[in-house]
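Student: Chains as they are written, first to last, in the working numbering: chain A, 195 to 353; chain B, 58 to 278.
Where hints are given, some of them may not hold.
[Unchecked claim] Using 25 Å as the maximum straight-line C-alpha spacing, the simulated DSS-like pairs for lysine-lysine come out as follows:
| id | chain 1 | residue 1 | chain 2 | residue 2 |
| --- | --- | --- | --- | --- |
| 1 | A | Lys350 | B | Lys60 |
| 2 | B | Lys59 | A | Lys350 |
| 3 | B | Lys242 | B | Lys172 |
| 4 | B | Lys172 | B | Lys197 |
| 5 | B | Lys137 | B | Lys242 |
| 6 | B | Lys197 | B | Lys242 |
Since the hints were derived computationally from the structure, they do not count as laboratory data.
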Amino acid sequence: MMTSPSPALGSRNPDGASLHEANACWALLFAAWLVATTATLGALFLSEVMGVAPCVLCWYQRVFMFPLVFVLACGLFPLDRRVLRYATPLVAAGWLVALFHLLLTLGYIPERMTPCTQGIPCSRIDVEWFGFLTLPMLSLLSFSAIGLALGAFHRKAPP
Amino acid sequence: MKKNTVFIVALVLIAILFAGGAQLYRSQQAQEAVAAAARNKESLVRFHSPSLGRAEARVHIVEFLDPACETCAAFYPLVKQMMAAHREDIRLTVRYAPFHQGSDEVVKALEASRKQGRYWQALEALLSSQADWVQHHQAKAGLAWPQLARAGLDIERLKIDMQSPDIARAIAQDVADARTLNVTKTPEYFVNGRPLPSFGFEQLRTLVDEELATTSRAKAG
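With the hints as constraints, model all of the structure from the sequences given.
Tutor: Here is the structure:
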């Protein structure tokens, strides 16, 4: 089904080079989808299986991460560069919340400036792997990776 | 490989990883709970804990509950039915894990009702009228007074009795024991010291039936 580039990307110059480009773009988008899906299921594993309650800032990051799984998957079949338009705002907003959360856990932003009211302080670090890898850090890394993949897609297939 | 095959294979792999991980984690947790309960037998029942049923009953259910917890209210009549079916053989002990906001006040009132000899009436009245005094997951002791009065309690006396330091100590002990036994959700049941392998009323019934079967065999042998 996807052996030829989709009309959205390859129809203007249906030659070998554009086929190659389309494949590279597909791979980038697929990688972004993999990151989003892993992050989503990882978050669900922590909250639903391990019972770590998400704080308010975690919820906002989830709000922006979870839909990416579906939005990016829709952009894969058929490959559609307009997915960048729809995914970028989610990635940007999620990235900013993750950055805010990370700065909060590192102590650069005082807790009283944060919107946590539901009993789980966002500055508390519930999970720490290898001595440094915290959840807001993983979240920021995931949003960054998705953003970079989408940026590379944009450069490979300018509008 | 075709792109859609790649996508589906990735999706299936991730799903298997998630489900397998969840299974593994849950079975490890269940094993740990069994070990924790076996290690901390003295934390299971304290001298002050209210109990229902014959002291020498073969099956002893210890329930950690929060009167403001919806699932506790839903399970309570089921447990009572089970006890009615094995009147001689099941004993129930109530411990508190007041996880809801404001719940500790209600638990204090509940404990104070023992001084008026109407503990089980008070517990049943609170659980059956829970929607009236729990709002947005917050327990409001003030809204529970009418329900307790209807259960035949002298509210003025209850309000004085519930300030007793003995009650505060008993509740603190229950909360500490809940922590020792890894009780993080309510209701949590221990049947003859064994925790539920996973949460659910069927699991509780199975555990009770198993204990009834093994203890009757032990008696026969």
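Student: For every hint, state whether the structure bears it out.
Tutor: Quick rundown of the hints versus the structure:
| no. | hint | verdict |
| --- | --- | --- |
| 1 | A:Lys350 with B:Lys60 | 19 Å, holds |
| 2 | B:Lys59 with A:Lys350 | 21 Å, holds |
| 3 | B:Lys242 with B:Lys172 | 29 Å, violated |
| 4 | B:Lys172 with B:Lys197 | 22 Å, holds |
| 5 | B:Lys137 with B:Lys242 | 20 Å, holds |
| 6 | B:Lys197 with B:Lys242 | 20 Å, holds |
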